[in-house]
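Asker: Fit chain S to the known structure of chain L by using the hints.
Chains as they are written, first to last, in this note's numbering: chain L, 1 to 272; chain S, 1 to 262.
Accuracy of the hints is not assured; some may be wrong.
Here's a subset of chain L near chain S, in silico, CB distances under 8 Å, partners left out [to be verified]:
#1 G180
#2 T183
#3 Y185
#4 L191
#5 T203
#6 F206
#7 I208
If you are wondering where the hints come from, they were derived from the structure by calculation, not from laboratory data.
Each residue gets a CB set at the ideal place from its N, CA and C atoms; glycine is no exception.
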Amino acid sequence: MRSTASRTIRALPTLLRIGVAETVAYRAEFIVWMLTSTMPLINLAFWSAVARDGAFQGYDTPQLTAYFLGALIVRNLTGNWVAWQLSEEIRTGVLSMRLLRPLHPIVAYASSQSAALPFRSLIALPIAVILLVSAGGGAITHDPAQLALLLPSLLLAWLITFALMFALGCLSFWITQTFGIVTFYFGLWSLFSGYMMPMDMMTSKFPIVGYLAKWMPFYSMLGAPIELMTKHLTTGKMLEIVGIQAGWTVVCIFVALRAWSAGVRRFEAVGG
Amino acid sequence: MIKYLRLVSVQLRTSVAQAMAYRADFLIQGVMSLAWLGVALIPLLIAFDKRPSIAGWDRASAMVMMAYFMAVKAVMEGIISPSLTDLVERIRSGAFDYILLKPVDAQLMISASRYEPWRVFDLLGAIGLATYGFVQRGAAPSLAHVAAGLGLFVAGVIAVYALWIVCAAASFWVVRLDNLVYLLSAVFDIARWPVQVFRGGWRFVFTFIIPVAVMTTFPAMALLGRLDARTALATVGGALLMLAISRLIWRAAIRNYTSASS
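Here chain L stands alone, though its shape is the one from the complex (with noise of 0.2 Å):
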């Protein structure tokens, strides 16, 4: 056991590097990915509209920015595309060679994908500058303690959306046609996870979408990071979203891994 750990931490940075090689060497791709993902701005302009003759319950203008840029940052801090990686290296048979490797594909696949962080910042980070330009810092937070913990949120945030992604992907081992299932889960996760509107305003109106939104995983992985980066929350509720969003990692964390090997079994049936 110990020496499976060690061999894993050994490979992280190679696999580290593949990763950043493979984002460079796909950057159109890449480039094309980051484009797609320009919803917030969309919605954006149309909450503006909105609010543009005064407040709309609770959220003016310059709250609407930071709220909505939020979404921009951490949705592409967060995106990952491992469930089409993988559904798609089940299918053509590629996944047999990862199989092989003295490392679990879990690991793998996490570090290619983390590889592109670095370049996912470099879009992020302009539009942090304009948030702040933009919403004249009184939208976004100042507690120092707030702030430390954005990092913790982001980071779960993203083990979330990996992990889930994963499982999706790992449907791939039963059904031969996931895309519509991944169309499905997209849309779920609009609804609760504060993309389309912040969860305030949609449980204001829709008190049971609200409700339901409670005990599903999607608001810890978008809404809980911008609450952190733009509201003023007492320390109880900021401890609280991050305890939740600890909870949802380790549960999804445990999907994805028991997915995994009640697929993998199935993948050695086919194959063999």
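Answerer: Below, chain S alone, put in the same frame as chain L:
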């Protein structure tokens, strides 16, 4: 001409047969269409709960506008995106050469190469939503407005199609672009809201440079009887112009095409 119609109908038949093979999808797709209807409507319901009008649109007209968005999206996801995915795959594998060898126009062959028949649900949902919008307004559209609305719907689809051909042509130069479909739908997502919600420079960009207003806003305004004849004609003209430009780009791309296998 008859030859082309027969060709398209054969391709449609195979796609329907394929879709029928995965009958369980029927239920899943129906549920999915409903879920997306919810995602589309919830922001509108929330926003119009407290505001009588947003950027010049009242609640009922905004629903008609959203119905147009859903209808064009249904056509896009039902015909355009699957064919584009097909094309990118063929260029990468080199199978596109066989299409070029066939004695028919390659653009037509790839434009209708695959369909997703289940998207019909979204189309039905859109029609239902538009009807609901008009019931809320308390007045049915006049026959002339329906004709204008339908005509501009076709113009909107043509505009999306032209954009798609340009994307397809791009994939001749940058072969590994599996996610072109997502880019296209990201551009189209701008058409989700009336172009009037954008201000200043952006409204100009989305009306004239990336003409998303042509795809949904103007057709919806035509059906609502709020579009003057000049803008309507300009919309149709703009869509046809886009089609012509995209055809030129496609021809240039074809000339540039060097097969993946050689």
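Asker: If a hint holds in the structure, say so; if it does not, say that too.
Answerer: Evaluated hints:
no.: 1; hint: G180; result: holds (6 Å)
no.: 2; hint: T183; result: holds (7 Å)
no.: 3; hint: Y185; result: violated (10 Å)
no.: 4; hint: L191; result: holds (5 Å)
no.: 5; hint: T203; result: violated (10 Å)
no.: 6; hint: F206; result: holds (7 Å)
no.: 7; hint: I208; result: violated (11 Å)
Checked against the numbered hints listed earlier, the structure breaks hints 3, 5 and 7; every other hint is satisfied.
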